[in-house]
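**Student:** Take a look at the letters that make up each chain.
Protein chains: 2
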Amino acid sequence: MNLTVRRIGRLLTMTREPLVDAAVVVRQGRVVWVGAERDLPAGAAGEEYDAGGACVVPGFVDAHTHLVFAGVRREEFVARLGGESYDGGGIAVTVDATRAASHEELVDLAAARAASALSHGTTTMEVKTGYGPTPEHELRLLDVIASLSRRTPLRLEPTYLGAHVMPPGRERGDYVREVVATMPRAVEHGARWADVFCDQGAFTVEEARRILTAAREAGLGLRLHAEEIAHTGAARLAAQLGCASADHLEHVTPEEAAALAAAGTVAVLLPTVTLSLRSDAWGHAALLREAGVELALGTDCNPGTSWCESMPYAIQLGCLAMGLSVEEAFRAATLGAARSLRRDDVGRIAVGAWGDLAILDAEHEADVVAHLGGRAVLRTVVGGFLH
Amino acid sequence: MNLTVRRIGRLLTMTREPLVDAAVVVRQGRVVWVGAERDLPAGAAGEEYDAGGACVVPGFVDAHTHLVFAGVRREEFVARLGGESYDGGGIAVTVDATRAASHEELVDLAAARAASALSHGTTTMEVKTGYGPTPEHELRLLDVIASLSRRTPLRLEPTYLGAHVMPPGRERGDYVREVVATMPRAVEHGARWADVFCDQGAFTVEEARRILTAAREAGLGLRLHAEEIAHTGAARLAAQLGCASADHLEHVTPEEAAALAAAGTVAVLLPTVTLSLRSDAWGHAALLREAGVELALGTDCNPGTSWCESMPYAIQLGCLAMGLSVEEAFRAATLGAARSLRRDDVGRIAVGAWGDLAILDAEHEADVVAHLGGRAVLRTVVGGFLH
Numbered sequence: 000m001n002l003t004v005r006r007i008g009r010l011l012t013m014t015r016e017p018l019v020d021a022a023v024v025v026r027q028g029r030v031v032w033v034g035a036e037r038d039l040p041a042g043a044a045g046e047e048y049d050a051g052g053a054c055v056v057p058g059f060v061d062a063h064t065h066l067v068f069a070g071v072r073r074e075e076f077v078a079r080l081g082g083e084s085y086d087g088g089g090i091a092v093t094v095d096a097t098r099a100a101s102h103e104e105l106v107d108l109a110a111a112r113a114a115s116a117l118s119h120g121t122t123t124m125e126v127k128t129g130y131g132p133t134p135e136h137e138l139r140l141l142d143v144i145a146s147l148s149r150r151t152p153l154r155l156e157p158t159y160l161g162a163h164v165m166p167p168g169r170e171r172g173d174y175v176r177e178v179v180a181t182m183p184r185a186v187e188h189g190a191r192w193a194d195v196f197c198d199q200g201a202f203t204v205e206e207a208r209r210i211l212t213a214a215r216e217a218g219l220g221l222r223l224h225a226e227e228i229a230h231t232g233a234a235r236l237a238a239q240l241g242c243a244s245a246d247h248l249e250h251v252t253p254e255e256a257a258a259l260a261a262a263g264t265v266a267v268l269l270p271t272v273t274l275s276l277r278s279d280a281w282g283h284a285a286l287l288r289e290a291g292v293e294l295a296l297g298t299d300c301n302p303g304t305s306w307c308e309s310m311p312y313a314i315q316l317g318c319l320a321m322g323l324s325v326e327e328a329f330r331a332a333t334l335g336a337a338r339s340l341r342r343d344d345v346g347r348i349a350v351g352a353w354g355d356l357a358i359l360d361a362e363h364e365a366d367v368v369a370h371l372g373g374r375a376v377l378r379t380v381v382g383g384f385l386h
Numbered sequence: 000m001n002l003t004v005r006r007i008g009r010l011l012t013m014t015r016e017p018l019v020d021a022a023v024v025v026r027q028g029r030v031v032w033v034g035a036e037r038d039l040p041a042g043a044a045g046e047e048y049d050a051g052g053a054c055v056v057p058g059f060v061d062a063h064t065h066l067v068f069a070g071v072r073r074e075e076f077v078a079r080l081g082g083e084s085y086d087g088g089g090i091a092v093t094v095d096a097t098r099a100a101s102h103e104e105l106v107d108l109a110a111a112r113a114a115s116a117l118s119h120g121t122t123t124m125e126v127k128t129g130y131g132p133t134p135e136h137e138l139r140l141l142d143v144i145a146s147l148s149r150r151t152p153l154r155l156e157p158t159y160l161g162a163h164v165m166p167p168g169r170e171r172g173d174y175v176r177e178v179v180a181t182m183p184r185a186v187e188h189g190a191r192w193a194d195v196f197c198d199q200g201a202f203t204v205e206e207a208r209r210i211l212t213a214a215r216e217a218g219l220g221l222r223l224h225a226e227e228i229a230h231t232g233a234a235r236l237a238a239q240l241g242c243a244s245a246d247h248l249e250h251v252t253p254e255e256a257a258a259l260a261a262a263g264t265v266a267v268l269l270p271t272v273t274l275s276l277r278s279d280a281w282g283h284a285a286l287l288r289e290a291g292v293e294l295a296l297g298t299d300c301n302p303g304t305s306w307c308e309s310m311p312y313a314i315q316l317g318c319l320a321m322g323l324s325v326e327e328a329f330r331a332a333t334l335g336a337a338r339s340l341r342r343d344d345v346g347r348i349a350v351g352a353w354g355d356l357a358i359l360d361a362e363h364e365a366d367v368v369a370h371l372g373g374r375a376v377l378r379t380v381v382g383g384f385l386h
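For the record, the sequence lines run as chains A and B. Position one of the first sequence corresponds to residue 0 (numbering that gives the first Met the number 0), numbered consecutively onward. Position one of the second sequence corresponds to residue 0 (numbering that gives the first Met the number 0), numbered consecutively onward.
Read the hints as simulated data drawn from the structure, not as lab findings. Small disclaimer: the values here were computed from a predicted structure and weren't measured. One thing to keep in mind: the hints can contain errors.
Partial pick of chain A residues on the chain B-facing surface, computed with a CB cut under 7 Å [claimed, not checked]:
id : residue
1  : L18
2  : Y48
3  : G81
4  : Y174
5  : T271
6  : L274
7  : S278
8  : C318
9  : S324
10 : V325
11 : A365
12 : A369
13 : H370
14 : G372
15 : L385
Examples of chain B residues lying across from chain A (beta carbon under 7 Å, computed) [said to hold, decoys possible]:
id : residue
16 : W32
17 : R73
18 : L80
19 : W281
20 : A285
21 : S309
22 : L319
23 : S324
24 : V325
25 : H363
26 : A365
27 : A369
Away from chain B, derived, C-beta distances all over 12 Å, residues of chain A [said to hold, decoys possible]:
id : residue
28 : R29
29 : R73
30 : L80
31 : G82
32 : D86
33 : S148
34 : G189
35 : T231
36 : G232
37 : P302
38 : A328
39 : R378
All residues carry an ideal CB built from backbone N, CA and C; glycine is no exception.
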């Protein structure tokens, strides 16, 4: 699609200093020109959009979601806020509802969430399976993601998270072997990534190592839920395996952060989880930054610990609760998240990259951080199509 | 205006247990009937609105705003997040911009914020002066609030906050005497309340006592900014004077909380300020609840420490960051805030009260707390008019 966006008051490209009074030209979905509007070449492209002085940033890249699920966890949420220990059934509620839902129902539910994310400026999204949680059900969820990709303009990055929840009654070694054996089929069902929930009460570091090693052999990229609930050594494993991302990291140590930086593993920060869980784990962002780790942001969209499709909200909490600067947070939500997906065609506005833009409802990106509870995004552009 | 709202999936009236499958009838702006839809009397009222199973709550009452101001404080905000000590000029930036703005400009700016608040379900709002900050300029800001009340459907409660910022170069005693002397004129200019920013670096407890005593003599109701920045004894003063509200209270002690409870002073909690300032002052809500103080919520909408017009966001942070239950937070945002304004005609859905409703974009009020960054309110009704 061809589109010229004019009258951009302030443009963050993520590849150079912010531009003022700028324009962007997209042709056949790709950016072909970026610069000051006064230099705009004549006869640039078809449709024109007048940004009216708004600030424009790259379309957001959500580096971590569990978008495919059914059911609600309202009782658990209300009980948690009421100070009760009752967990309302927890993740099992989601697993049961997801198993009971048809393919079409799951696609419909995920598509509504994707539409919400799009309205909040997201243009690329990582999507995990994980509520199967047997390999057969997990492969079915990969099929849901494949169907979803035909229903939403978002660029999806499907992740096979077979090792999310241990199915009740299964022997651990058996189940891990089954997940390992399923990797080639996960690739056939469209997975590009593998992930493991490696934490206290979930999968061990050694189990995660076996699973991710098999995933790499099958040709999948590697991600890892690490150091969220307790310190387990998962971050060190992520560095050893050269994972593209290590996610959460609330309990990471400075030494592990240095190892992640050296390995080029991107840290995916998920501030909405900390808020949802009423935790006070806000300090790890500063520690990771200090170690020179590339930071990414994600919503962790899921029914239990972060019901959120809004990257601007993740940015806002990343700043106000986690202590990122405005510049760091916007980089993490675009370029950093793209790097966690090993992509250089999204997360920046540059010639050759996809024409994916978030047109902010503000003159300056800082205003969507400062303005609490307000609307952040006016329009979202994916591959030159205005949404 | 006459309106029947049907097909309410869940109705919180604040006067009895939640109703299911309910309806509300408003005639000439007032609620004339509330109950289960199957009992709806025939020929109830003119216009009908089908809530489609949504949850409906009383229109929100925002108990604390500084809605009338000009200028932006972006530099200060960016610097604060970047860890710099530079304050960008702070409140003086707002004072200068507000003084430089015309009456019409100030009304326009405030009207846009009021429209945003309305879209977030607010139907009654307390509005303070305070960026004058000389009595003459403060009276001008009361005139702005009077003009605003003709531009917005919101029910406004104007507060004279002559003692907000000490004007540079003035002798304290002189200035306090001037504020005291201005009280009768504040009433003439439409004020219903007086407030003092009683805190470290602002006005002392003794100054606040003099000002509020004069305000009471002039017929104004009393509110007090208390114990926000430091512990000063302001909460005890609020209890002694029988203030309708004591606001902020981050540093309140259990003894002072007990005094507020005994005096019937409502505690106005402002969680968006704590987030905006990157503070960790979240514990006072539990302490106040423990003491049996009636709780209210407000946005504290202002350009420096809480740029926010959204009561659902205050509710969300009240729960997730401050530890209120869902039930407590909705009560604080409706009935509690109405009590802080000594009103029983708003903040509840009952025969005789104003027909002010927030129709949530959810089946259950807990979902607008759990769903982060999402839209909370579908439609707002003020006096039977749909907005």
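**Student:** The structure should be examined with respect to each hint, and the outcome stated for every one.
**Tutor:** Here is how each hint holds up against the structure:
A distance limit of 7 Å between C-beta atoms decides the matter here; for A:L18 the minimum to chain B is near 18 Å, and the interface restraint is violated. Interface restraint check for A:Y48: the shortest CB-CB distance to chain B comes to about 24 Å, outside 7 Å, so the restraint is violated. This hint holds: A:G81 has a C-beta 5 Å from the nearest C-beta of chain B, less than the 7 Å allowed. With 7 Å as the threshold, the beta carbon of A:Y174 stays out of range of chain B, its nearest partner Cβ sitting at about 31 Å, so the hint is violated.
For A:T271, the interface hint holds, the least distance from its beta-carbon to any beta-carbon of chain B being 5 Å, beneath 7 Å. At its closest, the beta carbon of A:L274 sits 5 Å from a beta carbon of chain B; the interface hint therefore holds under the 7 Å criterion. At a threshold of 7 Å, the smallest CB-CB gap from A:S278 to chain B is about 10 Å, leaving the interface hint violated. Among the interface hints, the one on A:C318 holds; its C-beta lies about 5 Å from the nearest C-beta in chain B, closer than the 7 Å criterion.
Annotation: A:S324 was flagged as interfacial toward chain B, and the flag holds, the nearest CB pair being 5 Å apart, inside 7 Å. The interface hint given for A:V325 is met, as the beta carbon of that residue sits about 6 Å from the closest beta carbon of chain B, less than 7 Å. Checking A:A365 against chain B: minimum C-beta separation of about 5 Å stays under 7 Å; hint holds. At its closest, the beta carbon of A:A369 sits 5 Å from a beta carbon of chain B; the interface hint therefore holds under the 7 Å criterion.
Against a cut-off of 7 Å between C-beta atoms, the interface hint on A:H370 holds, since the closest Cβ of chain B lies about 5 Å away. Taking 7 Å as the C-beta cut-off, the interface hint given for A:G372 holds, the closest approach to chain B being about 3 Å. A distance limit of 7 Å between C-beta atoms decides the matter here; for A:L385 the minimum to chain B is near 20 Å, and the interface restraint is violated. Taking 7 Å as the C-beta contact cut-off toward chain A, the hint placing B:W32 at the interface is violated, the least distance being around 29 Å.
Look at B:R73: its Cβ gets to within about 5 Å of chain A, closer than 7 Å, so that hint holds up. Given the 7 Å rule on beta carbons, the hint for B:L80 holds: about 5 Å separates it from the nearest Cβ of chain A. Hint on B:W281 is violated. Least Cβ distance to chain A is approximately 9 Å, over the 7 Å limit. Interface restraint check for B:A285: the shortest CB-CB distance to chain A comes to about 10 Å, outside 7 Å, so the restraint is violated.
Hint on B:S309 holds. Least Cβ distance to chain A is approximately 3 Å, under the 7 Å limit. Interface hint status for B:L319: upheld, as the beta-carbon distance to the closest one in chain A is roughly 5 Å, under 7 Å. Interface restraint check for B:S324: the shortest CB-CB distance to chain A comes to about 5 Å, inside 7 Å, so the restraint holds. A cut of 7 Å between beta carbons decides the hint on B:V325: the least distance to chain A is about 6 Å, and the hint holds.
With a least beta-carbon distance of about 6 Å to chain A, the hint placing B:H363 at the interface is held under the 7 Å criterion. Because the smallest distance between the Cβ of B:A365 and any Cβ of chain A comes to about 5 Å, under 7 Å, the interface hint for this residue holds. This hint holds: B:A369 has a C-beta 5 Å from the nearest C-beta of chain A, less than the 7 Å allowed. No Cβ of chain B comes within 12 Å of the Cβ of A:R29; the nearest lies about 30 Å off, and the non-interface call holds.
Not every Cβ of chain B is farther than 12 Å from the Cβ of A:R73; the closest lies at roughly 5 Å, contradicting the non-interface assignment. Separation of A:L80 from chain B is inadequate, the least Cβ-Cβ distance of about 5 Å not exceeding the 12 Å criterion. With a minimum CB-CB distance of about 7 Å to chain B, A:G82 fails to clear the 12 Å threshold, and the non-interface call is violated. No Cβ of chain B approaches the Cβ of A:D86 within 12 Å, the least distance being about 14 Å, so the stated non-interface status holds.
With a minimum CB-CB distance of about 23 Å to chain B, A:S148 clears the 12 Å threshold, and the non-interface call stands. For A:G189, the condition that its CB be more than 12 Å from all CB atoms of chain B holds, with the nearest at approximately 28 Å. The Cβ of A:T231 lies farther than 12 Å from every Cβ of chain B, with a closest approach of about 26 Å, so its non-interface assignment holds. At roughly 29 Å from the closest C-beta of chain B, the C-beta of A:G232 stays outside 12 Å, upholding its exclusion from the interface.
Annotated as non-interface, A:P302 brings its C-beta within 12 Å of a C-beta of chain B; the closest such distance is 9 Å. Not every C-beta of chain B lies more than 12 Å from that of A:A328, the closest at about 8 Å, which undercuts listing it as non-interface. For A:R378, the requirement that its beta carbon stay farther than 12 Å from each beta carbon of chain B is met, with the minimum near 16 Å.
The structure does not agree with the numbered hints 1, 2, 4, 7, 15, 16, 19, 20, 29, 30, 31, 37, 38 stated previously, though it agrees with the rest.
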